[in-house]
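As you go down the protein sequences, you meet chains Z and A in turn.
So for the first sequence, the numbering used here puts the first residue at 1; every next one is plus one.
So for the second sequence, the numbering used here puts the first residue at 1001; every next one is plus one.
Since the hints were made in silico from the structure, they are not lab data.
Wrong hints could be hidden among the right ones.
The calculated lysine-lysine pairs, modelled on DSSO-like cross-linking and capped at a C-alpha distance of 27 Å, are [stated by the list, open to error]:
{"#": "1", "chain 1": "A", "residue 1": "Lys1280", "chain 2": "Z", "residue 2": "Lys393"}
{"#": "2", "chain 1": "Z", "residue 1": "Lys262", "chain 2": "Z", "residue 2": "Lys248"}
{"#": "3", "chain 1": "A", "residue 1": "Lys1093", "chain 2": "A", "residue 2": "Lys1189"}
{"#": "4", "chain 1": "A", "residue 1": "Lys1052", "chain 2": "A", "residue 2": "Lys1024"}
{"#": "5", "chain 1": "Z", "residue 1": "Lys108", "chain 2": "Z", "residue 2": "Lys98"}
{"#": "6", "chain 1": "Z", "residue 1": "Lys98", "chain 2": "Z", "residue 2": "Lys71"}
{"#": "7", "chain 1": "Z", "residue 1": "Lys244", "chain 2": "Z", "residue 2": "Lys195"}
{"#": "8", "chain 1": "Z", "residue 1": "Lys235", "chain 2": "Z", "residue 2": "Lys248"}
{"#": "9", "chain 1": "A", "residue 1": "Lys1280", "chain 2": "A", "residue 2": "Lys1301"}
{"#": "10", "chain 1": "A", "residue 1": "Lys1047", "chain 2": "Z", "residue 2": "Lys380"}
{"#": "11", "chain 1": "A", "residue 1": "Lys1051", "chain 2": "Z", "residue 2": "Lys393"}
{"#": "12", "chain 1": "Z", "residue 1": "Lys297", "chain 2": "Z", "residue 2": "Lys235"}
{"#": "13", "chain 1": "Z", "residue 1": "Lys235", "chain 2": "Z", "residue 2": "Lys274"}
{"#": "14", "chain 1": "Z", "residue 1": "Lys393", "chain 2": "A", "residue 2": "Lys1301"}
{"#": "15", "chain 1": "Z", "residue 1": "Lys393", "chain 2": "A", "residue 2": "Lys1093"}
All figures in this text were calculated on a predicted structure; none of them were measured in a lab.
What follows is the residue order along each chain.
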Amino acid sequence: MFVICDNGPYDAVGDSASSGRIVSLLYQPQAMRWRGVTVLTNTPPRSAQSSPGGLQGIVIIEPIIAKAARKLGVDQVAIRRVNCPEGKAPFGPAVQGKRQYATSAFLKEALDRGAEQFKWSERVARTPKRIGTKVRGVGVSLSCYVGGTIGFDGLLVITPEGRVIFQSGIGNLGTESVIDVHRAGAEVLGVPWEKCDVVWGNTTKNLPFTCVSGGSQTTHAMTRAAHAAAMEAKKKLQEIAAKKLGGKPEQYEVGNERVFRKGGASMTLAQAAKYAIQLGGIYDGHEVPADVHKLTKASVAALAGQGLVAAAKDNYPRDGSTFSYVASFAEVEVDVETGKYYIVDFLASADVGTVIHPRALGGQVLGRSTLGIGHAIGQKWVFDPHYGQMVSKRFYQNKPPTILDVPVDMQWTALDIPDPETPVGARGVGEPPVAGGCASILNALSDALGDEIFQRAPVNADTILTSLEAGRPMQHPLMAHI
Amino acid sequence: MAVIRDVMAAFELYQPSSVADAQKLLEQHGSDAWVLAGGLDSFDWLKDRIKKPKVVVDLSGIEELRGVRTTTDGIEIGAMTTLTEVANHPIIKQKYDLLAQAAELVASPQIRNQGTIGGNVSQDTRCWYYRGGWPCYRAGGNICYADTPEGRNREHAILHAERCVAVNPSDTAPALIALDAKFVLRTRKGERVVDAEDYFIGPDIDITRLHILQPGDLLTAIRIPSTWAGAQFYFEKIRDRNVWDFPLMNVASAMVTSDDRIERIRIAVNGAAARPLRLKAVEDAVRGRPRNAATGEMAGKLAVQGAVPLQFNAYKIPLMRNLVKRAISGVQEATWAS
Ligand SMILES: Cc1cc2nc3c(=O)[nH]c(=O)nc-3n(C[C@H](O)[C@H](O)[C@H](O)COP(=O)(O)OP(=O)(O)OC[C@H]3O[C@@H](n4cnc5c(N)ncnc54)[C@H](O)[C@@H]3O)c2cc1C
């Protein structure tokens, strides 16, 4: 892979490096050479978009694989199944003879599930492919991107009223993870979700040290942190119960809003919280674990005395880097007289570990697929190469996709197989579907039109018509957007 | 060329309630005045501070400019009638559906609710150099930035370019030409009625305007004669997105056949030149011929004679050829099992 990064005038853009890493993970090449060159250009400044590098890398490789499969007479799903990562798949360059590897990958399963739900074989076998001026094509793409970080803090308070208050430092992007990740904590404590509150918004609300809302890391990082804080709270509840009711902490269990000894003494969480305040010290936040971040320490200090206060750093082990994966499927219908095409169907099959909130996950998987679809069907930024000036300044000019550009009933599914290296099993999602949205459309288009029509995205009526007229690709692959 | 977005320069706003008052105001302020209809073209200019009129005359309070009326010979549509009203009007749908189809395909529902038919036919070009404030011919300068070896001209003209290569972006204009509509103007000299196709002008006549209106003039109504009521209509618009997008090109035809021979026809395309083009040569060539694929093919080839592509818009030649063909001989619908 030889990546030339048109960097614009200012800060270095890191996309080229991540494109190599992602491609080496997603296709598991036995040998791979990657080179990247960054060129400063007198063009408008730029910064990263969703799935930076991963999007470009996958969208470069996918059409090549599609073409190879066609030439070899191998099914598109089958060729990807052979090449896709599995388990603790290696990626990136060998450093001192050792390569990095992923925590897990169940992409083969996602591919199988997707192919079945999309009725891939039936669609491939369907004839005719052309009726009148309309041609249909189907495409599949693999996709992945980073899916989680570690080491952040969780913080919760059990109040003397028996409610559990999760302090959430997550920036709310509208994806609901600001709330959802704390279900992992509620589950550890056996407290019904209705008895939980989530405090969020800004740092005046005494929130813990939290990952930024980027890099698709939140669900992974913050379910771990919420889990850690809940485990810390559980330990404290057991200790308080042992102190008050006798016995050893480990003889106590936590559940049904109580801390209890099997067949013996028990107390409610509300009572335990009152005792925590009486006990003070580490129980009500007057003392803090040494390893939590200084921001968390300040928040704990502010909350001290309000109940059982539990703060903890995510110290759970992880062996490998966390990625999430998607297999994306699309069918298109192209009118060869006008170059206009419609996306008839779309399905994304996701391997994102344990599903935390199905609807929010579906929103992410399809929303980010749509972002990728946008790159295939029209989204662009156009500058005049002579003057280096932007000309596509308004939305009607740079053309983000609209809701009418995607099928009405876009489908998604998720495997719900836990990642073995995080206690809740959940990995992040967000960026992983983007490239699949784009490349599945491009692959469906080349299935319909052949390999000689386009070599770049977006593909529009102009791309298709000029090349069909000429019988060869007419838009240069490295040409800037037009 | 720096542009401050979304902060308009100050202007005097007048909101007359009659055409007479509006005209008086426009006469008074001459070329300092800007006519405001739905604002979807106007406000881009004003917010980008590229056009800075001293006076804005808002037509939205003039009741007499609104609504669709039946006349002795067809209908009259007030210039301030919204595109949504045009697209949904029962008589238009029943008799002049070509226009309803065209209006329905404009932009997005929000824009159609606000945009007017008068504004739609009077709107300026969307050439992104010109709209971006580049000092081009159309803006009074002495260069066309789109017509350079590296200029981004995918959406520009293939026909009748003359220094400027911008195109007219209206969807309703070609439908109105095909329906042989008449545009009713109020000028200093009184009322003037022009054929739809004569409302629009290219850069050879005036490089700064897409239509014949002079400062002080108003478009008050559009009349559609019953000549083409209930004819066979074809409208097709090709755009990048399925909504909220200007046409790359569109075609409109009205046809009357007998025994599947083309007896009468009017056909127009937009997005090919600075004005919507009525294709008279095509009309003449197909009249009397059977309405079939061969006639369509012939018409398509004839339509693009003389077309000259720029660097990035050569696709418009096959596009126009095929759209004209389809406007005459139709297109086969494809239905797949499952
Ligand atoms: C994002 C976007 C997408 C669009 N997509 C499409 C599309 O796909 N197809 C399409 O056809 N259009 C499209 N349009 C144009 C839109 O539909 C409007 O029709 C158009 O912008 C003007 O209508 P308006 O009523 O808003 O008029 P205004 O913006 O107020 O006026 C437009 C121009 O006409 C003049 N004018 C208006 N009415 C009169 C009158 N009665 N007498 C004299 N002069 C008058 C004004 O002075 C001004 O110069 C789009 C616009 C936008 C912003």
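Here is how each hint holds up against the structure:
About 37 Å separates the Cα atoms of A:Lys1280 and Z:Lys393, which puts this hinted pair outside 27 Å; it is violated. For the hint linking Z:Lys262 to Z:Lys248, the alpha-carbon distance of about 12 Å falls within 27 Å, and the restraint holds. Between A:Lys1093 and A:Lys1189 the CA atoms are separated by roughly 35 Å; this puts the pair beyond 27 Å, and the hint is violated. Distance hint between A:Lys1052 and A:Lys1024 is fulfilled; the C-alpha atoms sit about 21 Å from each other, no more than 27 Å.
With a C-alpha separation of about 25 Å, the suggested pairing of Z:Lys108 with Z:Lys98 holds against the 27 Å cut-off. Between Z:Lys98 and Z:Lys71 the CA atoms are separated by roughly 35 Å; this puts the pair beyond 27 Å, and the hint is violated. Simply put, Z:Lys244 and Z:Lys195 have alpha-carbon atoms about 24 Å apart, close enough for the 27 Å limit, and the pair holds. Pair hint Z:Lys235 plus Z:Lys248 holds up; C-alpha atoms about 11 Å apart against a cutoff of 27 Å.
A C-alpha spacing of about 14 Å is found between A:Lys1280 and A:Lys1301, which places the hinted pair at or below 27 Å, so the restraint holds. Between the alpha carbons of A:Lys1047 and Z:Lys380 the distance comes to roughly 23 Å, so the proposed pair stays at or under 27 Å and holds. Between A:Lys1051 and Z:Lys393 the CA atoms are separated by roughly 17 Å; this keeps the pair inside 27 Å, and the hint holds. Note on Z:Lys297 and Z:Lys235: the hinted pairing holds, with a Cα-Cα distance of about 19 Å set against a maximum of 27 Å.
Taking the CA atoms of Z:Lys235 and Z:Lys274, the gap is near 16 Å; set against the 27 Å cutoff, the hint holds. Using a Cα cut-off of 27 Å, the hinted pair Z:Lys393 and A:Lys1301 is violated, with the two alpha carbons roughly 36 Å apart. Distance restraint check for Z:Lys393 and A:Lys1093: the Cα-Cα separation of roughly 36 Å exceeds the 27 Å cut-off, and the hinted pair is therefore not satisfied.
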